[in-house]
Amino acid sequence: MAEVKIITEHYDKDEFISLEGYKKFDGYKMLKKAFKMSPQQIIDEVKSSGLRGRGGAGFPTGVKWGFLPDNGEERYLLCNADEGEPGTFKDRKMMERAPHQLIEGMIISAFAVNSHKGYIYIRGEYSYAAKVLEQAIKEAYDAGLLGKNILDSGFDFDLDIYRGAGAYICGEETGMISSLEGLKGQPKLKPPFPAIKGYLGKPTIVNNVETLASVIYILRDGVDGYRKYGTEKSAGTKLFSVSGNINKPGTYEVPLGYPLMDLINNECGGLKPGRKLKAVIPGGSSAPVLTAEECQKANMDYESLAQLGSMLGSGAVIIIDDSNCMVDMLNVIMHFYHHESCGQCTPCREGTGWLHKVVSSISSGTGRLQDIDLVDEVASRMMGRTICALSDAAAMPARAFIQKFRNEFEFYVREGRSKVKGVTDAQL
Amino acid sequence: MLNCKVNGKEIKVKQGTLVIDAIKQADYDVAHYCYHPGLSVAGVCRLCMVKIGDNPRLQIACNTPVQEGMEISNEDEQVKDAVKWGLDFHLINHPLDCPICDQAGECELQIQYMKFGQYDPEMAEKKVKKRKVVDLGSKIVLDTERCILCSRCVRFTDEVSKTNELGIFNRGDRSEVGTFEDKPLENDYALNTVDICPVGALTSKDFRFRQRVWYLKNQSTICTGCSTGCNVKVYYNEEGLFRVKPEFNEDINGYWMCDQGRDVYKFVNKDFRLLEAQSVTEGQAEPLSAGKAAQLAGEKLKELTKVNGPESVGVVVTGQYTNEEYESLFDYMVNKLKVKNIYHWVNNSDTMDDFDGLLLRGDKNPNTYGLKEIMKKYSIQTNMSDLEGAIKSNTIKTIVVAGPENQAVYPDFNERASLFSQASNLIWFSAGPVSAATSKHTLVIPTKTYAEKSGTYVNYKGTHQSSHKVTTIVRGALSLSDSVTLMSGESILTKPVGPQKAMKTNFFVNKSGEL
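Those sequence lines, one after another, are chains A and B.
Numbering-wise, the numbering used here puts 250 at position 250 of the first sequence, and it's gapless, one number per residue.
Numbering-wise, the numbering used here puts 1 at position 1 of the second sequence, and it's gapless, one number per residue.
Possibly wrong hints are sitting among the right ones.
To be verified - Label pairs and their calculated CB-CB ranges:
id: 1; chain 1: A; residue 1: K276; chain 2: B; residue 2: D182; range: 54 to 64 Å
id: 2; chain 1: B; residue 1: M114; chain 2: A; residue 2: P191; range: 56 to 66 Å
id: 3; chain 1: A; residue 1: D142; chain 2: B; residue 2: D135; range: 51 to 61 Å
id: 4; chain 1: A; residue 1: K5; chain 2: B; residue 2: Q78; range: 45 to 55 Å
id: 5; chain 1: A; residue 1: K29; chain 2: B; residue 2: P56; range: 41 to 51 Å
id: 6; chain 1: B; residue 1: Q78; chain 2: A; residue 2: E181; range: 27 to 37 Å
id: 7; chain 1: B; residue 1: Q59; chain 2: A; residue 2: E303; range: 24 to 34 Å
id: 8; chain 1: B; residue 1: A124; chain 2: A; residue 2: P69; range: 44 to 54 Å
id: 9; chain 1: A; residue 1: P191; chain 2: B; residue 2: L96; range: 31 to 41 Å
These aren't lab readings, by the way, just hints derived from the structure by calculation.
Since the structure is predicted, the reported quantities are computational estimates derived from the model, not experimental observations.
Don't be surprised by glycine CBs; every beta carbon is placed ideally from N, CA and C.
With these hints in hand, go ahead and build the complete structure from the sequences.
See the structure below:
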């Protein structure tokens with residue numbers, strides 16, 4: 001098994017960005033096919049394909065679509081392009097290299113869920129991607145692919161871009177909805193879930209960029225064709241953003257279930273010469289870190305990583321070799337969550353700051369031995385107790401770093417310095 | 001009705017009841033800060049965690065409706081741990097300045113720590129510094145370090161007063177409550193935010209630093225600030241009344257009251273009161289006891305009605321007395337003295353029917369409805385505007401005035417007082433001093449205020465509410481009923497009026513006598 005290019009097949013071609021070029025490679029062909037199907041047929045296909053949300057939570061997309069109430073209310077389709085999980089950059093690549101793929105995926109999905117208005121909520125920092133998308137949307141409108149009566153199907157769909165302002169929390173679907181509504185970007189209390197009461201209080205579906213684009217290929221290849229790749233429970237291919245101490249960082253599309261070590265050694269060209277693998281964060285900064293030993297057993301799918309106590313998340317693989325200090329690294333992660341907590345729920349608002357202060361006191365050499373256990377204790381009390389998952393996202397890496405690399409933390413407390421940095425390889 | 005179990009106790013609750021209310025209904029304590037029954041659910045303090053059935057994930061009780069057969073526990077070890085840590089998260093950045101905080105004694109952080117906490121703190125890091133003593137306008141001061149960001153005040157201004165002054169700015173542990181562009185928080189209901197603030201973040205300028213709350217007693221009564229008749233609690237001690245807070249009544253005021261109503265206690269206190277009766281004859285003032293003065297008034301009226309006829313007497317009444325007082329006054333005037341010139345004096349006829357849509361009404365009298373009813377009962381149809389002519393033409397030679405208790409809400413008070421003074425005899429029952437009453441023969445008699453007597457008030461929509469005596473501020477002051485009894489020549493049983501002294505109490509000794 002190796003890299004399988006389904007979504008990313010034409011990403012190397014510049015012409016794929018324009019409508020004309022996109023059409024050359026069968027672009028918008030599946031939209032025509034979709035219009036010949038009934039919305040329910042599309043939903044059924046997506047359900048049977050086993051497609052799971054590619055944004056991080058991995059919730060079955062067809063099931064999510066099925067939650068929409070049949071009450072005749074206006075529905076919204078939102079594309080979550082607020083790709084903020086540290087280490088993740090696959091959606092950016094998708095939007096920059098294939099904007100029409102996302103638009104086509106959105107129109108098909110909107111047709112399936114009977115929504116006539118969609119928004120792409122794009123991360124504020126992605127100004128180039130936003131520009132590309134804007135141009136593509138304009139092309140699509142000019143070509144009658146958006147707006148009223150698309151391709152004489154009688155189906156109307158309007159699409160707009162909304163740029164975020166840089167808050168990580170707006171990538172959480174209800175936080176995103178709040179932001180889109182013009183409110184402070186804070187997650188909303190659930191229930192009610194967005195499918196029942198979402199954007200402007202109306203039934204709303206929020207899907208990730210990659211999820212929406214995948215719908216095209218489910219229609220193209222059929223359920224069996226799509227399921228040819230991946231595992232029983234994690235079907236299809238997935239884009240991974242690989243970064244860190246690796247020779248060829250980048251976005252790679254591999255079938256789900258692909259062994260992590262193969263991804264590192266084959267696709268990504270292995271580690272830098274002379275370096276040993278220390279750890280891998282397999283699914284973005286909130287996913288519990290894996291030790292080098294655990295990496296040997298890890299397959300890149302939802303179940304395998306869950307079994308190892310971690311998660312696939314957004315597919316951001318961060319490679320850590322033996323030149324990195326785990327204490328300093330956790331400090332950076334804790335700084336991020338302290339900075340990004342929206343401040344609504346007390347355990348997260350106060351806990352993220354507390355964790356950051358304690359870890360930073362360790363990494364500045366003033367920590368106490370009991371601080372190491374305190375981090376684990378505080379983090380454990382932040383889990384599962386808040387409106388959204390940011391609190392868990394901060395707690396999980398803290399607990400995993402402490403549990404798996406405790407010796408580095410103890411060394412730092414005892415010696416007042418990093419076990420790794422400023423020490424030559426021979427001394428290690 | 002739904003059946004559910006709270007900590008093993010079986011109860012029945014109404015459809016749609018939230019778990020948090022079910023727990024309270026079952027008489028169990030539940031820790032919480034952000035939930036308030038008069039506001040939308042925020043679900044942010046994360047303290048009201050409960051275990052439902054054997055779901056391993058704890059739920060918040062404030063956003064979970066009870067379902068048939070639900071088994072709720074908030075005494076489970078898992079819940080206790082969550083609450084303990086929830087409290088710790090609230091307290092790690094709290095300044096713990098209780099000794100100088102006005103909320104101490106009624107602070108939810110203190111109360112809930114004593115109930116659910118009592119652990120040793122583990123926070124050894126530096127606390128977050130935030131703005132202190134933020135002036136939010138003429139009524140309120142904000143301390144953002146004490147604030148636990150429960151968002152009750154923000155929701156109040158969004159949902160109840162609908163004035164939207166407040167917001168939470170910044171994020172994470174740098175979040176602060178504030179007003180947009182630092183504009184003041186000035187609306188007619190702003191002080192409710194102080195009541196619902198579970199901690200000492202929002203304090204009332206009127207009350208702060210004036211009393212420790214444990215030195216105050218409180219009692220339920222009716223607000224007499226306008227014709228809505230909000231249910232309130234007044235907080236008082238031997239020195240007088242110190243503050244007023246709303247008390248829940250679904251039909252009248254819900255959980256709230258207006259800020260004007262909170263000022264109503266002020267005229268009750270001694271500084272603003274008429275402390276003894278005065279008889280002024282041709283500019284010569286002579287103090288006398290209220291009881292004596294009432295007896296004297298009775299004798300005078302008897303004589304004057306005999307000499308000049310009952311039509312020479314005019315009685316002016318405001319809507320600030322109780323039904324019981326009106327009954328005895330009207331019985332005495334109409335049945336005994338045959339006086340029929342009874343006039344209804346209102347605070348401002350142009351604004352009487354004003355209503356702000358929430359609670360505040362233009363009719364600044366608690367019992368206009370009751371007064372009108374009794375006037376109807378005695379078939380009295382007079383017009384206050386006819387009084388001026390009657391006095392000027394000397395048809396009315398004697399004026400008896402009852403009220404207003406709260407002179408501050410009668411803008412025409414002085415103007416009217418000088419009109420009444422044109423009559424040769426003036427008998428004025430008043431709670432406050434009436435320096436503008438300057439008739440040839442003036443008798444001013446101190447009356448009790450709403451806090452010093454029991455009685456019935458009828459609000460704007462005809463709801464009868466009885467109010468109970470809170471305390472005595474001016475010893476010897478009479479209610480109208482007592483005055484009438486004395487005027488009729490009968491006696492009332494009163495304690496002898498001596499110098500006022502308060503009982504000594506050591507507040508630091510509890511009932512068992514231990515410190």
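Do the hints match the structure? See the list:
no.	hint	in the structure
1	A:K276 with B:D182: 54 to 64 Å	holds (56 Å)
2	B:M114 with A:P191: 56 to 66 Å	violated (34 Å)
3	A:D142 with B:D135: 51 to 61 Å	holds (56 Å)
4	A:K5 with B:Q78: 45 to 55 Å	holds (48 Å)
5	A:K29 with B:P56: 41 to 51 Å	holds (48 Å)
6	B:Q78 with A:E181: 27 to 37 Å	holds (35 Å)
7	B:Q59 with A:E303: 24 to 34 Å	holds (27 Å)
8	B:A124 with A:P69: 44 to 54 Å	holds (50 Å)
9	A:P191 with B:L96: 31 to 41 Å	holds (37 Å)
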